[in-house]
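Novice: Here is how the chains run, residue by residue.
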Amino acid sequence: MASHDHIASRNRYSLEELLAVTLARDFHDRERGFTGMATGGRTGVLIVGIPLAAMALARRTHAPNLSMLYTGHIINPALEDIKGLFESGPTLAAVRCEARQSSADIFSMVERGEIDFGFSSGAQVDQYGNINTTVIGNYRRPSLRMLGAVLLPEHFALFGREYILMEHSRRRFVPRVDFISGAGYIDGPGAREKAGLRRGGPRWVLTELGVFDFDPATCRMRVKSLHPGRTLAEVRDQTGFELIVPPQVPETIPPTDEELALLRHEIDPHGVLLGRA
Amino acid sequence: MGSKVVSLVEAVRPIKDGATIAMAGFGIGSGPIALVHQLIRQRTKNLTVLGIIQGNDVDLLIGAGAVSRVDASGVTLEDFGLAQNFRRAAQNDEIVIREYSEASIYDRFLAASVGLTFWPTRGLFGNDIMKVNPDLSEVTCPFTGERYVAMPAASPEWTLLHAPFADENGNVYHPYRTDFAGFTEVILRASKQVIVSVEQIVDRTWAMSHHRDTLIAGWKTVAVVEVPFGSHPCGLGTLYSPDAEHFREYAQASRDRESFLNYLETYVYGVRDHWGYLERVGGMQRLMKLRSGSAGA
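Listed in order, the protein sequences are those of chains A and B. Quick note on numbering: the numbering used here labels position 273 of the first sequence as 273, and the sequence is numbered without any gaps. Quick note on numbering: the numbering used here labels position 15 of the second sequence as 15, and the sequence is numbered without any gaps.
It should be emphasised that the hints constitute simulated quantities derived from the structure, not laboratory data. Mixed in with the good hints there might be a few duds.
[To be verified] Calculated cross-link-like contacts (lysine-lysine; reagent style BS3-like; alpha-carbon spacing at most 30 angstroms):
#: 1; chain 1: B; residue 1: 220; chain 2: B; residue 2: 45
#: 2; chain 1: A; residue 1: 194; chain 2: A; residue 2: 224
#: 3; chain 1: B; residue 1: 45; chain 2: A; residue 2: 83
#: 4; chain 1: B; residue 1: 220; chain 2: B; residue 2: 16
#: 5; chain 1: A; residue 1: 194; chain 2: B; residue 2: 16
Here chain A stands alone, though its shape is the one from the complex (with noise of 0.2 angstroms):
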């Protein structure tokens, strides 16, 4: 994805940074995020890395008491410890937290409806927020199989919503995913509730181009904003099924002086988050 190398120079910023300040504007305070492991470079970045500064952002912002789960284990960590988004042996363990807790803590607060909000990435995602990570093709004789599920059936179904970051693609965003490792809004209104569902669910899904929320009334994605640059048609392109489109399309609101200058000075100096290292 490119950077936004086209914003006058003063304000200019990268889509990382952009992702993470809409996420953070979207945190409450007193809220639990929860960021897993991401297997793969550009995954690592969307899921882990941008979730992490946003939540540090909100903390530093208006959500100075937003907790941040990092791995699940590692509560509120030194974000500077972070050497790299894929690490799960020493160097894991040797960064510093408020906190840490045992996988048995992670699955009574998943569980127990605890969490408020995670991320998710997926190789497709459809019009009604369900995401893949299983197989692409027919389950029995897969064209591609895949890691499996995780802990995305929870992300989608314990948490209270969840956040996707995806590259946006033809080849991503499909009609309907060949499996559903998430259950988003499944096929339709009512869905959910008839499935068991009882909370939770995808509430955006941001890409390079633009923001996307639903359509409560068709359970449909929706264009929610466009990043400053981008256009209707390119995200059209991008899209393999029919977008609910709103009669005004908004831009995605820049980050301020302010923001940009707690994201490149002390959220993340090094640019492993941002994808800047």
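With chain A's structure known, arrange chain B on it following the hints.
Specialist: Quick look at chain B alone, frame taken from chain A:
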């Protein structure tokens, strides 16, 4: 109690074709790889492997043709990409996969750990896991009328564990454990028997002064074997790091069946034992570098 210390060959010999096993570890962290290699050398077949999120441990066994079924929420090489043997076996319909979510399969071990036969969850509703996994059944709470999905308890006949230390009675000590040890603990409690390999077998004097580091008491341990760097190429807690260079070689080699069989020939069948493996992957001088840096107590 007689000593449980045995050789690597003896340790895994009781695992027969068709057995149900689990491997302690999470993703590509802390896998019992020396034990897995020996299981491959003894050509065990038709294993059912139970796991939460597994890595090269399961992928190795699948690539060696040792597995007929996997119950897990994910198999991945993490930063080294998809688990290619798992991917290929699934695409060719060569193994049965029972899909779960991470919390739900954790709960299956939790059920077995407290002697129950099933566990209810809400986490799978609306998910296609409900469509493809025939072991799930919807139930109603007799007290509140709430809907749940019932899952069978998961109790491995054998769990393979690699840890830093054990005594000859099979008590296991892990001063270097990380947050992910919680996954290992629930699997161990759910297991009927545990086969333990360790970096070092310790004596009673050491044990008496390190009891606070107990990972699990030795009740279920049936074998203890000493194999330094027995998790390699996985890291082991904070004691040593994963061998990134070897993982890249593994990921590359497992891209097709032919080159993976060459990998097995080089690193598993073609070495005389674990010592031969350690020499083949670069020897102690190179391995000790995995213990430097941020590793250590």
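Novice: If a hint holds in the structure, say so; if it does not, say that too.
Specialist: Evaluated hints:
At most 30 angstroms may separate the alpha-carbon atoms for a hinted pair to count; residue 220 of chain B and residue 45 of chain B meet this at roughly 24 angstroms. Distance restraint check for residue 194 of chain A and residue 224 of chain A: the Cα-Cα separation of roughly 27 angstroms lies within the 30 angstroms cut-off, and the hinted pair is therefore satisfied. As the CA atoms of residue 45 of chain B and residue 83 of chain A are separated by approximately 41 angstroms, the hinted pair breaks the 30 angstroms bound. Note on residue 220 of chain B and residue 16 of chain B: the hinted pairing holds, with a Cα-Cα distance of about 18 angstroms set against a maximum of 30 angstroms.
For the proposed pair residue 194 of chain A and residue 16 of chain B, the alpha carbon gap of about 45 angstroms is over 30 angstroms, so the pair is violated.
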